[in-house]
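Colleague: Using the hints provided, position chain B relative to the given structure of chain A.
Chain by chain, the residues run as shown.
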Amino acid sequence: MSAVTQAPLTPTAPGERTTPASAKRPLLLTILTIVTTILVVISLYMALAYAGQEADQGDVQRIFYIHVSAFAGAFIAFGIGVIGGIAYLVRRNPRWDRLAVSGIEVGFALALVNLFTGMAWARPIWNTWWTWDPRLTSAAIMVLTYAAYFMLRNGIENADTRRRFASVYGILAFSTVIITFVIIRIRPDTIHPAVIGASPQNAEGGFRLAPSMLATLSYSMVVWSVFIPWVLIWWRLRLENLNERVNALRAKALEE
Amino acid sequence: MEQNITPDTTAYLILGLTVTALVMGALIARIMIGFRNAHRDEAALKEIEG
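Residue numbers (the working numbering), protein chains in the order written: chain A, 1 to 256; chain B, 1 to 50.
So here's chain A without its partners, still in its complex pose (with noise of 0.2 angstroms):
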């Protein structure tokens, strides 16, 4: 059984080549584009020149700047992703659906990049790749969720159930997201700092902010938070517009 959607379609006259209005690109995604481009480049000057050295981790600890704000994105982007999934399973449109998937796709590239920038951190502090933490292995249970995400999509051919177990997945894979975030908090025997409040006491690699680590951490917190998030989940949802358009196009042949 095909999964394709049966949206319908503009009538064109033989010959004729129509782009359908949602088809170009808004002016908005464009500027957006750009300015968001520019803003990630700035956000590392400020990270690799502006903010100042710390004394004890050395240059290593400026991926901090990215790797706790490439959490902060991926927590908007997998919160995208259950508005998209609630949308859906209330009003039934695939469109909430497209969104979710978008969200989802984004939150698990940024919380690939905040796993990997840990990774790449522990190793001159806490001298090894990876330990069992609860922290660190949180957030491996949230990545191998969200991957688990992707095979359920693809495992599920009737579309309309597909959307109905993703959307309820979605949902029930942002608990791994909050647990993630609070568990340095709940949990004493972590070692992983806390950037923002005060660390667990078994903290090893914490340090203070001077103010222009804080005014960087603060502003890569803007742009991967907010900026990085907004403007891929909207070319990605462009993307998933396009392909429902395709497939439509797609069953119409194979109907004639």
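Don't take every hint at face value.
As the list claims (entries may be wrong) - When the alpha-carbon atoms are kept at most 20 angstroms apart in a straight line, the in silico EDC-like pairs for lysine to aspartate or glutamate are as follows:
# : chain 1 : residue 1 : chain 2 : residue 2
1 : A       : Lys252    : A       : Asp160
2 : A       : Lys24     : B       : Asp8
3 : A       : Lys24     : A       : Glu244
4 : B       : Lys46     : A       : Glu255
5 : A       : Lys252    : B       : Glu42
Since the hints were derived computationally from the structure, they do not count as laboratory data.
All of these numbers come straight from a predicted model, not from anything done at the bench.
Modeller: Chain B in isolation, oriented as in the chain A frame:
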């Protein structure tokens, strides 16, 4: 008098930045390739549609 010597951990910073660029680059490439393929398919299907 104890002197605090800052360790040279620049290589790990570069590693972290490289991994970040690879992951985000892969996502952007996936979106761009997806657009290219979808536009190609759309054009072919419209051609068939006549």
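Colleague: Next, verify each hint and record whether it holds.
Modeller: Hint check results:
1. A hinted pair counts as satisfied when its Cα atoms are at most 20 angstroms apart, and A/Lys252 with A/Asp160 qualifies at roughly 19 angstroms.
2. Using a Cα cut-off of 20 angstroms, the hinted pair A/Lys24 and B/Asp8 is violated, with the two alpha carbons roughly 49 angstroms apart.
3. Of the pairs offered as hints, the one joining A/Lys24 and A/Glu244 holds, with about 15 angstroms between alpha carbons and a cut-off of 20 angstroms not exceeded.
4. A hinted pair counts as satisfied when its Cα atoms are at most 20 angstroms apart, and B/Lys46 with A/Glu255 qualifies at roughly 14 angstroms.
5. Distance check on the hinted pair: A/Lys252 and B/Glu42 sit about 12 angstroms apart at the alpha-carbon level, within 20 angstroms; holds.
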